[in-house]
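Got chain A; can you put chains B and C with the ligands on it based on the hints?
In case you want the letters, here they are:
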Amino acid sequence: MVNHGMPQTLEEALILLKNDEYQIIAGGTDLMVQHRHWAQTLPKIPKPVLFIHHVKELNYLLDTPEYLEIGATTPMDMIMSSPLVPKILQHTIEEIAAPGIRHMATLAGNIANASPAADGLCTLIALSADLVIASLDRKRMIKVEEVISGPKRNKLAKDEMIIAIRIPHQDQSMSEFYKVGGRRADAISKVSLAAVIHVHQSIITNWHLAFGAVGPRVVHDIHTDQRMIGMKIDDVKRQTDAIIAMYEPLITPIDDQRSTAVYRKQVALNLIRRVIINLH
Amino acid sequence: MNEIIFTLNGKTVSCPFEPTRRLLDVLRQDFNLIGVKEGCGEGECGACSILLDHNVVNSCILPLGNVHGKDIMTIEGFKTTKRFKVIEQAFIEMGAVQCGFCTPGMVMSTESLLHHNPHPTDQEIKIALSGNLCRCTGYNMIIDAVKKASIVGDGLW
Amino acid sequence: MSDISKSIPKLDAASKIAGEALYVSDISMPGMLYAKTVRSTIVKGKILSIEKPSLPEGYFIIDRQDIPSRNVVKIIFEDMPYFATDHIEHYGEPILLMVGPHLDMMDELIKKIKIEYAEATPLFDFKDSVVHYEYAKGDPKSVFERASQIIEMTYETGYQEQAYIEPQGMLAYPEVSGKMTFIGSIQCPYYVKNAVIHALGCSEDQVRVIQATVGGAFGGKEEFPSLMACQLAVAVQKAQKPIKLIYEREEDMEVTTKRHPSKISLKASVDEFGNVQGIIAQVSLDGGAYVGLSSVVLSRAMIAASGAYTFHHLSVQGDVYRTNNVPTGAFRGFGAPQMFFAIEMFMNHIAKATHQDPFAFRMRHLARQGDQTSTSGKFRDPIILEDLIQIATQKAKYHQKAKAFSLTDQYKGIGMSFFLHGCGFTGSGESTHIKATVRLHKLISDKVEIQVAAVDMGQGLKTTLPKLVAKILEIPIHQVIFESPDTDVVPDSGPTVASRTTMIVGGLLARAAKELKGVWQSGIDQVITKRYEQPSYIEWDEATMKGDAYPAYSWGVNIVEVEVDRLTMQVKVKNVVSAYDVGKAIDEQIIRGQADGGITQGIAYGYLEKMVSQKGRIRQKNMTDYLIPTSVDIPKMETILIDNPYPLGPYGAKGAGELTLVGGAPAVCLAIEMAIKRHITKIPATPEYLMELINHE
Ligand SMILES: Cc1cc2nc3c(=O)[nH]c(=O)nc-3n(C[C@@H](O)[C@@H](O)[C@H](O)COP(=O)(O)OP(=O)(O)OC[C@H]3O[C@@H](n4cnc5c(N)ncnc54)[C@H](O)[C@@H]3O)c2cc1C
Ligand code: FES
Ligand code: FES
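Residue numbers (this note's numbering), protein chains in the order written: chain A, 1 to 280; chain B, 1 to 157; chain C, 1 to 697.
Just chain A, with the same shape it has in the complex (with noise of 0.2 Å):
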């Protein structure tokens, strides 16, 4: 059987990739708990094990003027706190879990882990993130939302990982992300709304909406969202209703332990009606 790897370069975790097939584990905050098993057992994670947290060349924040970058290792809690982040992905990961999660978990896992209820995920599609991707063989990019093919599934394939999330720069006048959780603190979201907008002289420019845990993946539709651009604040805040039935029909979550259909349908639009309210 291949053993676990832990690579300390890049070159060689995708060397190792190459070669075999691995479960990538980065800070292991979903993979050790999806795969736990009794307490002073092994995890049961079905393939050997990457280890890529401790790869320093990928623990980094970029910025240039298009975009900033950042590696696929630097944990969350180093990008809360770093001035390069947009508030709204800071605001984010100050709802996700808590200090002890955020000093491990990355936002490469959260995206690649591909829970519909994910946060750093959520917020990233609404900021039109793109990822840096490799194999061995080649790099690629694509957008955040692009990866993801369905809950708890991605489009990576078996060589591949994520080596960097890039965040383009633009224009945003109101970024605002809302979680809906069970509690006020570390829990998972029931229902989530990132806003990336921009208002130019009173008209929209830029307008993004994306909804966690209201359907099997973060929900984002570029065509809706175009529909916005162009228009006036006023006209905007006149036709809330107009607004949110035209995102109704994407919003289409499911009873579970945390919630229910009905509630996380009526909170993601009345959370639509947050944004407009607080747009300026």
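Among the clues, some could well be false.
What the hints assert, rightly or not - Below 27 Å or equal to it, Euclidean Cα-Cα: the simulated DSSO-like pairs (lysine-lysine) are:
#1 C:Lys-636 to B:Lys-147
#2 C:Lys-621 to A:Lys-152
#3 B:Lys-147 to C:Lys-621
Claimed, not checked - Facing chain C, from chain B, some residues (calculated, C-beta under 10 Å):
#4 Pro-16
#5 Glu-38
#6 Asp-71
#7 Phe-101
#8 Leu-129
These are calculated hints, taken from the structure and not from any lab test.
Glycine included, each C-beta is placed from N, C-alpha and C at the ideal position.
Only chains B and C with the ligands this time, still in chain A's reference frame:
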């Protein structure tokens, strides 16, 4: 690689290469560090809190592979320090301990907080403790204790 | 002499802070084996066959065929087998224990066990009443005939999980003498001991039970550990080695006992002056698959039917229903939280329905000294509830806020609950069932050892009992020793439940200490033993539930302020003020700690903690899905204590442990009602439920 090497409470230690093992089990079974508690095994309660390079982390979901080359501190290592004495005294004085199962974890989160932020506000304290569940105290007295430690221990952090 | 209430540092705090205190999972023994429980994967049905793998050397399977005596856990109602019989009555019922030295191998072996079932249709509705009680006071029938208005409401409460941070655990080992010793996370050493004696059919001196440091219990470690101990007893007999059984969190949440869900229907007859003349109450509890101690929970709930008020005419009926849900059991408050939620909401709802100011209406009905209790006993001692209300309302600015919030549409609210809690066992429990005995042992060194079976599970007994004894003996507290109980050493002073320990056990210790002081001879070994005697004026008739249900009552007022988000219906608790009469605090800081912790659980019961059973399976079975409050959810809380010494309690102390939980749910729900201007009749009042209320009215 056939060993995982890290610093544990100030000493270099090595463990057989079982990188998916939970650090919590390694600490409790191999090193008999029983001050690290298991309350849930899923990152939710904070009873297993320890420090990794001075940052609080949940050892129940921390694979051993992720501590290679790191500095790990448990309550057993921390209790020999001056800062611990200050925190201990504050916890006793403010009545922050009931059943005590959450307490070592609370202490580690307190140290992690004060290390980065020696003069936290009440809200910052609450956030710092938000991953440490306590079912006994309703938190008020723990928050007071952390506040007290930050005042009495001024200059230590 | 300084006031007993003045706080001292807790004696057991330092070892807990340093991580040195030993909880059961921290204890290991040479040659120790582990045990894991194999449970039913169906809710109801019959076991057709069990196919067991052949076991390697050193591994054992223990099931009901190994039981030497009776396969039933000795609790009040003896119906719960500790290994499933042929018939499965709930999901996760224990079928067998796998025991061995290596967990991985045990896992492999467990996978090879094949259990075949024939499933049957489970019952979840309230249809199969297994306990029915009723009592009456006055002439309810005629006041209902004469009523100028009759108001009727039904209230429902959900499960609540104790969620102690330390999961259940027990270690058992054989001693060379042939005796078997148990070390556990337990509230009641003698319950465990008696259960094992019963299970093994052995003699008393063959079983020894020692309490490990307990990481929280809240009732959850009252009866359940007896089941684990019985299983382990049989296992140790077979394996003849130490065996440790520690529950995983999910296992603990899925199968151990929880607070009884309830349905409470209340009917009030109101006269032409807007006063309640009589109440008819029907209490239904979901006992789960086995009754256990549900009958006692039921009686406490029923006795609380008049809340903190006096109603002259009462008719109260109650049933425990057997269902195929997981068995329910003891949880701090023991039936009272359900009833206090119902009656406090009801009083408010009556006031609204009769267009009266709820505060004035409730004040008019308050119980007063000399009044007859719900069970036609007497409130003999002074009741200072009005003082508590006055000071709490002042501190919380209740009246100003209530007025402001009621008029406006700010989604803010303030709610207040009045409540009492009967201290000690219900009825004649103390004198007929428990018969507590305590002992003080003065050693030659002049150190004094407290010998009682009372367990410190965080509530501070390790400090308060020595403090009491030291104070009476006028010796330094460090001259008093109080080790965790070991049944080979301590007499049976009763279980650590029912807010009885300080008042009853502490009271007996105080008497023993006074006696010891009188006969104290330095350098000599002296032993003083004291037994509980019921105060002669207390009369209780079990059959009719008439008389003094409790020797004394503690009282309280909770005021909770909330803000509700109008778009998400999330509740934010903004402020909490409480005032209590616990007689006399033996240590003020410890009582404040109990108060903070109790009301946190009580409030969370009211608005946050949601656990439901779906077709017999608990849906919120881990700490991610069953949410208890974090540090960020709880505001600053203020607690006022007013002394009202109870003549028979030590220094006047009454019970305090459960009281502080009882009023939280109604207080928070009344606040939410004010904020959203809808009637709340169900807890937890989750945002999902509040949204429904907003949508449908
Ligand atoms: C108590 C608790 C509370 C939580 N609360 C929240 C919350 O409020 N909001 C929220 O969104 N999440 C929450 N989470 C989940 C959150 O911690 C994770 O989603 C985290 O972001 C995952 O990062 P990680 O590095 O730990 O991932 P890991 O567990 O290491 O990996 C997760 C997945 O990502 C894959 N992966 C990781 N890195 C890469 C890479 N570079 N390339 C390709 N694949 C990769 C892994 O193979 C795996 O499939 C919580 C978790 C816990 C335990
Ligand atoms: S045991 Fe690690 S967080 Fe609960
Ligand atoms: S003191 Fe018991 S859990 Fe915190």
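Hints, verified against the model:
no. : hint                   : in the structure
1   : C:Lys-636 to B:Lys-147 : 14 Å, holds
2   : C:Lys-621 to A:Lys-152 : 21 Å, holds
3   : B:Lys-147 to C:Lys-621 : 34 Å, violated
4   : Pro-16                 : 15 Å, violated
5   : Glu-38                 : 7 Å, holds
6   : Asp-71                 : 19 Å, violated
7   : Phe-101                : 3 Å, holds
8   : Leu-129                : 4 Å, holds
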